Amino acid sequence: MGVGKAILAVTATVSLVFPAHPIFDHALPKLSDYGFFKAPINEQIPISGVIPYTIASELFSDYAEKLRFIKVPNNKSISHNDDLSFNYPDGTFLIKTFYYPSDIRDPDSDRRLIETRLLKKTGSEWLAMPYVWNNEQTEAVLALAGDRTEVSWIHSDGKPISILYSVPNLNQCKSCHVYNNVQQPIGPKVRNLNLNFSYDDIPMNQLDKWISVGILEPFDDKILLPRTVNYMDAHDGSLDQRARAWLDINCAHCHRRGGPAETSGLYLEVEETDPTALGIFKPPVAAGRGSGDLKYNIVPGHPEESIMDFRIRSRDPGIMMPELNRKLVHKEGVELIQAWIKHMPERK
Amino acid sequence: MQFIRSIIILKFTFSLCLAEFEKDLQLQLILAEPGDTIKLSSGLFPILGTLSMEGKENIVIKGTGMNSTTLNFSTQVEGAQGLSITNCKNIILEDFTVQNAKGDAIKCQYVDGITFRRVKAQWLGGPKSTNGAYGLYPVQCENVLIEHCVAIAASDAGIYVGQSKNIIVRFSEAFENVAGIEIENSTKADVYGNNVHGNTGGILVFDLPDLVVKEGKQIRIFDNIIKKNNIDNFAPEGNIVAKVPSGTGIMVMATEQVEIFGNTIIDNKTAGTAIVSYFITEEETKDTQYNPYTSSIYVHDNIYRREPQIPTLDHDIGLLLFTRFYKDVPDIIYDGMPDPKHLGAGGYIPNSRRLCIASNVDADYLNLEISKNFESWYSPFFAEFKTDINECECEQEPIPEVVLDID
Numbered sequence: 001m002g003v004g005k006a007i008l009a010v011t012a013t014v015s016l017v018f019p020a021h022p023i024f025d026h027a028l029p030k031l032s033d034y035g036f037f038k039a040p041i042n043e044q045i046p047i048s049g050v051i052p053y054t055i056a057s058e059l060f061s062d063y064a065e066k067l068r069f070i071k072v073p074n075n076k077s078i079s080h081n082d083d084l085s086f087n088y089p090d091g092t093f094l095i096k097t098f099y100y101p102s103d104i105r106d107p108d109s110d111r112r113l114i115e116t117r118l119l120k121k122t123g124s125e126w127l128a129m130p131y132v133w134n135n136e137q138t139e140a141v142l143a144l145a146g147d148r149t150e151v152s153w154i155h156s157d158g159k160p161i162s163i164l165y166s167v168p169n170l171n172q173c174k175s176c177h178v179y180n181n182v183q184q185p186i187g188p189k190v191r192n193l194n195l196n197f198s199y200d201d202i203p204m205n206q207l208d209k210w211i212s213v214g215i216l217e218p219f220d221d222k223i224l225l226p227r228t229v230n231y232m233d234a235h236d237g238s239l240d241q242r243a244r245a246w247l248d249i250n251c252a253h254c255h256r257r258g259g260p261a262e263t264s265g266l267y268l269e270v271e272e273t274d275p276t277a278l279g280i281f282k283p284p285v286a287a288g289r290g291s292g293d294l295k296y297n298i299v300p301g302h303p304e305e306s307i308m309d310f311r312i313r314s315r316d317p318g319i320m321m322p323e324l325n326r327k328l329v330h331k332e333g334v335e336l337i338q339a340w341i342k343h344m345p346e347r348k
Numbered sequence: 001m002q003f004i005r006s007i008i009i010l011k012f013t014f015s016l017c018l019a020e021f022e023k024d025l026q027l028q029l030i031l032a033e034p035g036d037t038i039k040l041s042s043g044l045f046p047i048l049g050t051l052s053m054e055g056k057e058n059i060v061i062k063g064t065g066m067n068s069t070t071l072n073f074s075t076q077v078e079g080a081q082g083l084s085i086t087n088c089k090n091i092i093l094e095d096f097t098v099q100n101a102k103g104d105a106i107k108c109q110y111v112d113g114i115t116f117r118r119v120k121a122q123w124l125g126g127p128k129s130t131n132g133a134y135g136l137y138p139v140q141c142e143n144v145l146i147e148h149c150v151a152i153a154a155s156d157a158g159i160y161v162g163q164s165k166n167i168i169v170r171f172s173e174a175f176e177n178v179a180g181i182e183i184e185n186s187t188k189a190d191v192y193g194n195n196v197h198g199n200t201g202g203i204l205v206f207d208l209p210d211l212v213v214k215e216g217k218q219i220r221i222f223d224n225i226i227k228k229n230n231i232d233n234f235a236p237e238g239n240i241v242a243k244v245p246s247g248t249g250i251m252v253m254a255t256e257q258v259e260i261f262g263n264t265i266i267d268n269k270t271a272g273t274a275i276v277s278y279f280i281t282e283e284e285t286k287d288t289q290y291n292p293y294t295s296s297i298y299v300h301d302n303i304y305r306r307e308p309q310i311p312t313l314d315h316d317i318g319l320l321l322f323t324r325f326y327k328d329v330p331d332i333i334y335d336g337m338p339d340p341k342h343l344g345a346g347g348y349i350p351n352s353r354r355l356c357i358a359s360n361v362d363a364d365y366l367n368l369e370i371s372k373n374f375e376s377w378y379s380p381f382f383a384e385f386k387t388d389i390n391e392c393e394c395e396q397e398p399i400p401e402v403v404l405d406i407d
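Chain order of the listed sequences is A and B.
For the first sequence, the tail end lands on 348 under the numbering used here, and the numbers increase by one without skipping.
For the second sequence, the tail end lands on 407 under the numbering used here, and the numbers increase by one without skipping.
Read the hints as simulated data drawn from the structure, not as lab findings.
Everything numeric in this text was worked out from a predicted model, so none of it was measured.
Glycine included, C-beta positions come from ideal geometry on N, C-alpha and C.
Hints may be right or wrong, so weigh each one.
Listed below are the simulated DSS-like cross-link pairs for lysine-lysine, each with C-alpha atoms no more than 30 Å apart in a straight line [unchecked claim]:
| hint | chain 1 | residue 1 | chain 2 | residue 2 |
| --- | --- | --- | --- | --- |
| 1 | B | K327 | B | K227 |
| 2 | B | K286 | A | K295 |
| 3 | B | K62 | B | K89 |
| 4 | A | K342 | B | K286 |
| 5 | B | K372 | A | K295 |
| 6 | B | K214 | A | K295 |
FRET-style restraints, in silico, Cβ to Cβ [stated by the list, open to error]:
| hint | chain 1 | residue 1 | chain 2 | residue 2 | range |
| --- | --- | --- | --- | --- | --- |
| 7 | B | T37 | A | N196 | 50 to 58 Å |
| 8 | B | E401 | A | D83 | 42 to 50 Å |
| 9 | A | I223 | B | H342 | 32 to 40 Å |
| 10 | B | E237 | A | D240 | 40 to 48 Å |
| 11 | B | S68 | A | E150 | 46 to 54 Å |
| 12 | A | I223 | B | P350 | 53 to 61 Å |
| 13 | B | E237 | A | A339 | 20 to 28 Å |
Chain B extracted, bound-state conformation (with noise of 0.2 Å):
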């Protein structure tokens, strides 16, 4: 039976025509069964249609390359995104490529244990507002292994983790994207490895309001090259990451407990690494439950170099560093927002609740301040801003490592 079945899914996979292909292929995502592994076999793949798989557990879907199975997009008039993966259990994707996906390229929402490796999703012909969202996009899920992948021009984030938990992102490249990686109101993530280049943003770690899941909490980001994330923003207006300066290394916005080590920051034009609360989007909200402050911030053993380079002029901090700056714009950037609650007597916060700096290589620093300048801050002539990096020597207790339950 086992002999008969795969030859049948052999003559579908290699069957006559395209379009048989994706009428094939979608319905062995329907059909298939625990421990069943999805063949693609190596070509070009025109789809049309969203590809669905739902309610599955134990799957792995296979091509034999990212450079030799494609599922091209281009021509989609259905769905808005390439591979949509809902509501499973253990499900691995390898090898393969998704690429001009209308929307998001692969989503998955409401899976538990996922693993993309050697995946690559793509957008032809660079950089564009018309291109998709994201790249490869888990949201909602538990225990996220992201690995070998590659991202390239996304018009949100290459690779985007939200409001998920237990989260891996490793050994992966993203360029050419607005930003390069993204986890956002997720809890436990571990992003290492990672060659981060050509992006507007390279790290963006953030926690928005008004969302199901919030909070995110206990990042670790480290050992990853960020170079060069220095291409313009072509996010389309009114999403977040539109807000995202050009040049930005890492951001960390309104979110608590993310270490920062061992990575190499080099050459991002506006800044090296920015720690902000969400004040600094100009955004109101409503929601009560939200903390908008960042608190417990780590940035150790991080090596910074920057060549001398004009800031973006696009933005309103790049035009105020640059005025205050010149070319010589600081690595690390903070807007001096710490979390009232943390407050103890006298102003005093407590190192654990803090932004602490210790033992970088080369790195510089800018307290923006804008809770006192905030009526003109953005004003560079009479803003005071602290540039003593020593006001942040402390040292925080390490993160635990993430430990990923997948079977």
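Excised from the complex, chain A in its bound form (with noise of 0.2 Å):
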């Protein structure tokens, strides 16, 4: 409560210290100053326009929910490249509210909505805005330096969590955000949405639907547009597909040519094929105690010699990874990865 308040009153006294600085240009100071929601924002009712997404494989944030959403400029449209990437028009609008259920095993418990991080198309860049909800749950207010709040939920075990979620302030929004110098989405992607979503109940493929109410230009018929598979469903696709989707969104938006970490030569997107850059006896390169006192990345056969799963078993700041937006350890993520290393052909 008092939090929210001095956030408030902080930024306020600061954009009228730095007036100048290009954030206040787009930023508004409260969530409700866009529009994006009917009243009450906290039910997160959309209106027309702004369009509800999910996308196939998620990043993994401390088990918060997620409701993502799309708002582009009337009358413009996404048009896409060879390379299926998107070229997204001024003003569009990425939407994403994380929130706890009080009980995550039903659907229907109390929700307490933290954060709307907002993406806002200006230009060539993309500006990161985070927006705190305030505890009464009325409005979400601008948060430039993040903040950190206590959140409790029941899990999926039947057992009470209780951690300490960080809001990342603007610098951290970037730190993952960012591709060659250039902030841009992350999730949204062909592969990531090519998927159904259920739109007043009725289910439709999320690439169709953006055509058809006109947002997304329509594909070239021939092409088969490819999906990601969704790594928390045992079903869907082979485990080394399910591991990479896992490693895709968590890792590589840092760990890719061009990313934040590519100092370390661990490459992890999808389309990766070199078994080094993958980190397959792979010696670390600046590690430090990351490193676990092991020799490689990989060591196919044997998670417990890799260092991959050292790390993203840890939950020491100094060691583990990813580096934000994690106080817990993501289990099912680790124990897909566990199973993919322990899978892969012994040799040496």
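With the hints as a guide, bring both chains together as one complex.
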């Protein structure tokens, strides 16, 4: 309660002090100022033109649930390139709300909204704008310096969990969203969107929906569009595909050529084919105690000898991967990566 | 306006409680505009998360002194670095200390023009493998100046410049680190006037495979005092520096064009100066663009002094040296692996491409000839070593001075 107000106060003061900062040309003080949602906005029911979506494989963020929306300016649409990357029109918003149900096993249990992150396309850049929900759940206010807040819920095993949840600050947003020095979205790619979503209880492929409402230009019929598997669904794709999907969404925004972790030489995009770049018998570069006294990132057949497993299992800020946005271990993800490494053919 | 602004910044800086200090400082780092100086007041400030600056130009972050302004990360709960500076131009860090970061103390990536001046990176309580990896850590930067800085007890390198270009590290002190100063996969570096003592290895110049930026070259190490770098290696296994023998003064690995001169190299128990190829690590690499050899290495006009003492027994090379030389280990140790691409007719290598050793005071020499002794070189009783320093007597053109392009 106090925290939210303090942030609002500090942010307001700062906007008086630093009026020239470009963020203030775009960032409105409160989430409701944008008019994305019908009142009361905590129900997160979008107005017409704000379209909900989901992605095939999700970034783990301490078991927070997410609601995603896109708003493309009227009469504009997203075009795409031969490599299926998107060109978003200026003024496009990607909206993502993080929340916790009081009981994660029951989707209808009371939910607490924590933060809503906006990405706005402005010229060649995307601006990231974090908004933090107040305790009354009536409003979310701009929090450029991020925030930390205590969150509790009943977990899937029926046990209560409580963590100090971190809302990333403006720079932390960029630390994941940067690619070749330009801030961009991570999740919405063709292969992540190519699945059904329930629109008012009517399921429809998301790409088809976007095309039908005119925010996405149609694809050439002859192209077979790729789809990322859902790593949480043991029946979707192979073990290798699921593990690579998990690494792609959780790690590859940094661990790719042109990404912030390119100095490590470890590249985890789903398209990567070089075994050394994927970590197989690759010694660490600047891992420090992140190596966990292990010699290689991945030792096929032996997760217990693999730095990758050690770091995704850790909760020590100096060791754990990803570095940000996680206080807990993603148990399901770790089990998946362990199984993947275990089933790799042993060789030397 | 400027007046009001500085009052408000002062209010931020001296604000009521410590958590506010962190939030205010982070906000200033986010909102700073070109030409701003972010002032840190005197005091010991506990910080819970990585402080970060991103995409800025012409900013100074300035404390009141490395012994009076301290950012302490002992209770850090998130982020791996203390201070992280990315994608910036012309940044100056001055007069403060970063203590006990969970990972690296100050990491700068993609910064053109980064100055560390009178900045200290420290882990309290001395060498421990649980300390963070790097103290001052510019990577993929250009125009790097590190001067009058101090780095203490990093579990990898106290001052580490990696995958960077145009670098000066001078008048700084590094002790109780695994590596005092390390220049890795970097081009054009001058490292001089530093006092590097009590580390596992003093100054390392490495080139490693499988990285975006490779082929480090044109490095000058001169006028440094490199003394008693004899502490046990406490780097976590897996890291390349975990392979550095305790008692190493200077080590050049797989790099070309390195000039080492005017240094005072005293009482490093295992290797005053080691010139080695990547093969010494016994690691394989599939990186076809990587050159594992050293070439064009010029070691001249250094002073070597070494009291008779036992080299490290914690390392194969130390054991070998001990068995063969007991307490009188040679100062300059070469693995005898020249770059085959420079081999001319009859196995002759032009002077400009070899290891040249000239005009040192009290230097003796050992060539391990690991190419010939490859099967048995760790078996000191059978291996044939060369110890005649005259085989390296030659001179090379000096490497040009580094000129930084910093406004």
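Measure nothing beyond the straight line between the CA atoms of K342 (chain A) and K286 (chain B); if it is 30 Å or shorter, mark the hint as holding.
-> holds (23 Å)
Between I223 (chain A) and P350 (chain B), does the C-beta distance stay in 53 to 61 Å?
-> holds (57 Å)
When you check the alpha-carbon spacing of K214 (chain B) and K295 (chain A), does it fall within 30 Å?
-> Status holds; Cα separation ~21 Å.
I223 (chain A) paired with H342 (chain B), Cβ distance criterion 32 to 40 Å | Given a distance of about 52 Å, which is not inside 32 to 40 Å, the answer is violated.
Can the suggested window of 50 to 58 Å be confirmed for the beta-carbon pair T37 (chain B) and N196 (chain A)?
-> holds (55 Å)
Falls inside 42 to 50 Å, the C-beta gap from E401 (chain B) to D83 (chain A)?
-> For D83 (chain A) against E401 (chain B), whose Cβ atoms are near 45 Å apart, the range 42 to 50 Å holds.
Is 46 to 54 Å a correct range for the gap between the Cβ atoms of S68 (chain B) and E150 (chain A)?
-> Roughly 34 Å apart at Cβ, these two residues miss the hinted range, so it is violated.
Straight-line alpha-carbon gap K62 (chain B) to K89 (chain B), limit 30 Å = holds (16 Å)
Sort out whether K227 (chain B) lies within 30 Å of K327 (chain B), counting only the CA atoms.
-> Between K327 (chain B) and K227 (chain B) the Cα gap is close to 17 Å, so the pair holds against 30 Å.
Keeping to a limit of 30 Å between CA atoms, is the pair of K372 (chain B) and K295 (chain A) held or broken?
-> It holds: about 28 Å lies between the C-alpha atoms, which stays within 30 Å.
Range hint 40 to 48 Å: satisfied by the CB atoms of E237 (chain B) and D240 (chain A)?
-> Given a distance of about 29 Å, which is not inside 40 to 48 Å, the answer is violated.
Outcome of range test on Cβ distance (E237 (chain B), A339 (chain A); 20 to 28 Å) = Check passed, 25 Å falls within 20 to 28 Å.
When each numbered hint is compared with the structure, violations occur for hints 9, 10, 11.
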